[in-house]
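Going down the list, the sequences are from chains A and B. Position 42, counted from 1, in the first sequence is what numbering that gives the first Met the number 0 calls 41; the numbers after and before it change by one each time, with no gaps. Position 178, counted from 1, in the second sequence is what numbering that gives the first Met the number 0 calls 177; the numbers after and before it change by one each time, with no gaps.
Think of the hints as simulated: they come from the structure by calculation, not from any bench. None of the values given here were measured: they were computed from a predicted structure. Even for Gly, the Cβ is constructed at its ideal location relative to N, Cα and C. There could be a bad hint or two in this list.
[As the list claims (entries may be wrong)] Selected chain A positions facing chain B (in silico; Cβ < 7 Å):
no. : residue
1   : Ser107
2   : Lys148
3   : Thr168
4   : Pro171
5   : Thr174
[Claimed, not checked] Listed next, with one range per pair, are the computed distances between beta-carbon atoms:
no. : chain 1 : residue 1 : chain 2 : residue 2 : range
6   : B       : Thr94     : A       : Glu259    : 28 to 34 Å
7   : B       : Pro99     : A       : Glu259    : 20 to 26 Å
8   : B       : Ser258    : A       : Gly20     : 46 to 52 Å
9   : B       : Pro247    : A       : Asp48     : 25 to 31 Å
[As the list claims (entries may be wrong)] Stretches of chain B that chain A covers, calculated by requiring three or more beta carbons in the stretch to come under 8 Å of a beta carbon on chain A:
no. : segment
10  : 63-76
11  : 212-224
Number of protein chains: 2
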Amino acid sequence: MKVIDEPAALRAVLDEARRLGHDVGFVPTMGALHGGHRSLVRRAVAECDRVVVSLFVNPLQFGPGEDFESYPRDLAADLAQAEEAGADLVFAPSTRTMYPEGPLTTVSVRYLSDALEGRSRPGHFDGVATVVAKLFAIVGPCLAYFGEKDYQQLLIVSRLVHDLSFPVTVVPCPTIREPDGLALSSRNAYLSPDDRKAAPIFYWSLLAGKRAIEENGVTDPAQVSAVMQGAAGREGRARLDYAQVARPHDLCVPQVITSEVRLMIAGHVGRTRLIDNLVASPPDKEGAP
Amino acid sequence: MKVIDEPAALRAVLDEARRLGHDVGFVPTMGALHGGHRSLVRRAVAECDRVVVSLFVNPLQFGPGEDFESYPRDLAADLAQAEEAGADLVFAPSTRTMYPEGPLTTVSVRYLSDALEGRSRPGHFDGVATVVAKLFAIVGPCLAYFGEKDYQQLLIVSRLVHDLSFPVTVVPCPTIREPDGLALSSRNAYLSPDDRKAAPIFYWSLLAGKRAIEENGVTDPAQVSAVMQGAAGREGRARLDYAQVARPHDLCVPQVITSEVRLMIAGHVGRTRLIDNLVASPPDKEGAP
Numbered sequence: 000m001k002v003i004d005e006p007a008a009l010r011a012v013l014d015e016a017r018r019l020g021h022d023v024g025f026v027p028t029m030g031a032l033h034g035g036h037r038s039l040v041r042r043a044v045a046e047c048d049r050v051v052v053s054l055f056v057n058p059l060q061f062g063p064g065e066d067f068e069s070y071p072r073d074l075a076a077d078l079a080q081a082e083e084a085g086a087d088l089v090f091a092p093s094t095r096t097m098y099p100e101g102p103l104t105t106v107s108v109r110y111l112s113d114a115l116e117g118r119s120r121p122g123h124f125d126g127v128a129t130v131v132a133k134l135f136a137i138v139g140p141c142l143a144y145f146g147e148k149d150y151q152q153l154l155i156v157s158r159l160v161h162d163l164s165f166p167v168t169v170v171p172c173p174t175i176r177e178p179d180g181l182a183l184s185s186r187n188a189y190l191s192p193d194d195r196k197a198a199p200i201f202y203w204s205l206l207a208g209k210r211a212i213e214e215n216g217v218t219d220p221a222q223v224s225a226v227m228q229g230a231a232g233r234e235g236r237a238r239l240d241y242a243q244v245a246r247p248h249d250l251c252v253p254q255v256i257t258s259e260v261r262l263m264i265a266g267h268v269g270r271t272r273l274i275d276n277l278v279a280s281p282p283d284k285e286g287a288p
Numbered sequence: 000m001k002v003i004d005e006p007a008a009l010r011a012v013l014d015e016a017r018r019l020g021h022d023v024g025f026v027p028t029m030g031a032l033h034g035g036h037r038s039l040v041r042r043a044v045a046e047c048d049r050v051v052v053s054l055f056v057n058p059l060q061f062g063p064g065e066d067f068e069s070y071p072r073d074l075a076a077d078l079a080q081a082e083e084a085g086a087d088l089v090f091a092p093s094t095r096t097m098y099p100e101g102p103l104t105t106v107s108v109r110y111l112s113d114a115l116e117g118r119s120r121p122g123h124f125d126g127v128a129t130v131v132a133k134l135f136a137i138v139g140p141c142l143a144y145f146g147e148k149d150y151q152q153l154l155i156v157s158r159l160v161h162d163l164s165f166p167v168t169v170v171p172c173p174t175i176r177e178p179d180g181l182a183l184s185s186r187n188a189y190l191s192p193d194d195r196k197a198a199p200i201f202y203w204s205l206l207a208g209k210r211a212i213e214e215n216g217v218t219d220p221a222q223v224s225a226v227m228q229g230a231a232g233r234e235g236r237a238r239l240d241y242a243q244v245a246r247p248h249d250l251c252v253p254q255v256i257t258s259e260v261r262l263m264i265a266g267h268v269g270r271t272r273l274i275d276n277l278v279a280s281p282p283d284k285e286g287a288p
């Protein structure tokens, strides 16, 4: 596995691969790799000839007072995991390489960036869209693998690719979970043992919302939100930020749940902010298969 | 010369050219080609193996009440000129192809977009940056030719390429002028015969500003602006918008003119808005060569 820290060097290697007719798979990450990332890399390895993993803690997507400084960084461990999962290349640029003077250019995706995580973390998705556009410009034509755990990010990246015609196919990949349901996340490393025990509460709240829709036939989004809020409220260590029902393509709250929705949840356990989401589909009223 | 209207088809042709080791030259235009555009194409033809000219009147860069609807469009004439200048390919997409649903994604370049034309045409440069980013994503690695006549646009595009790491080399090309000094522009077609006679006033005003700096040793930007305003005021058909001295790399107004500056001017002649700019360098105080 080759480690590269300069954009031009990475592009040269990938251009050469494409010249040979090889498909490029790309897994952008902020490092602190875990089983979720490894599943993305393995999927990319299965589907592409050459797989590059980027490791870059992007300052643009952290707000003031967020955890940019303390975000877990362990290059040696990340390289070992990327290699074990089968990556051919790791792109690990410095902040100075990526943003030599502080960028003046911002990429924003309206509407999709405003709700949910965007409301709680103003500017976050502009930072995501800007770095992802830059990484796509560096990597060039590829399949790019994103986890559904960051569902809003996945939508925004997909829309960005569509709107700006990047020669990129975005491949959504399922969320990987611990046995108790906690979605894998680099930020889980922040959890104290007691917080860790409490952390699956957001997943369990999503499951409660899903049951309300799928088994109890609840069609009112506000009622589903109330069910999720009630479930989350049972864990004293958890502080809910939002629990919402969203249409899968535009994140609008439907008036009535008549087709598949995404249940979106976020909050703190102790001082650690966690997000999760789950798909839910109302039962077919006709009972058709 | 081949005419293409689908992004994927253009990318396929250009990827194949690059696979053969050919350099791609790109001249983005809004059509209504004139001698300035032809000079860009000829330069690209001289420096690159394959040259593509895009013709697309980008709605995103027109404000309400501007001339999007009336902007001159003549595909047959543009194709003839592109071919005559030696282009290999013309990319002429429809608005529907470029923006099937109306884009949610915006690319902005802070600071550089706010002054001068940006103040007079709010949102204009976001529209430019967005379509140029999209065209660069479609075209892929290339040399891209831009006229200095749109100097602020040239700076913004250069910064966009730098910040987002597009594999594009921006090539600035000199402004082409009529014998009386009027900078070639598609919007010159709007000028009535009397307006046309008056239109070089902005260039003459730039020349007056340049003389003030280079021959009279004026170092106060406000005084140079006053000289340009005075010159422009002598033409009754002209209505000045701005006449400013700007540092060439960031468009800031210097406190004192001690090195090369750009003189930037804009205004209306009759109902036609025109812009122009000129470089000026203070005399060397030591008298060194």
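To see whether the hints hold, each was checked on the structure:
1. Of the supplied interface hints, the one on serine 107 of chain A holds, with its beta-carbon coming within about 5 Å of a beta-carbon of chain B, less than 7 Å.
2. Look at lysine 148 of chain A: its Cβ only gets to about 22 Å from chain B, farther than 7 Å, so that hint breaks.
3. For threonine 168 of chain A, the interface hint is violated, the least distance from its beta-carbon to any beta-carbon of chain B being 12 Å, above 7 Å.
4. About 18 Å separates the beta-carbon of proline 171 of chain A from the nearest beta-carbon of chain B, more than 7 Å, and the hint is not met.
5. Taken as an interface hint, threonine 174 of chain A does not check out: its beta carbon lies about 25 Å from the nearest beta carbon of chain B, beyond 7 Å.
6. Between threonine 94 of chain B and glutamate 259 of chain A the CB atoms are about 32 Å apart, so this pair conforms to the stated range of 28 to 34 Å.
7. Distance hint check: the CB atoms of proline 99 of chain B and glutamate 259 of chain A are about 23 Å apart, consistent with the given range 20 to 26 Å.
8. Checked against the hint of 46 to 52 Å, the pair serine 258 of chain B and glycine 20 of chain A passes, with Cβ atoms roughly 51 Å apart.
9. Remark: the range hint 25 to 31 Å for proline 247 of chain B to aspartate 48 of chain A is contradicted by a beta-carbon distance near 45 Å.
10. With 0 residues carrying a beta carbon less than 8 Å from a beta carbon of chain A, the segment 63-76 of chain B misses the three-residue requirement, and the given coverage is violated.
11. Residue count for the segment 212-224 of chain B with a Cβ under 8 Å from a Cβ of chain A: 0. That is fewer than the three needed, and the coverage hint is violated.
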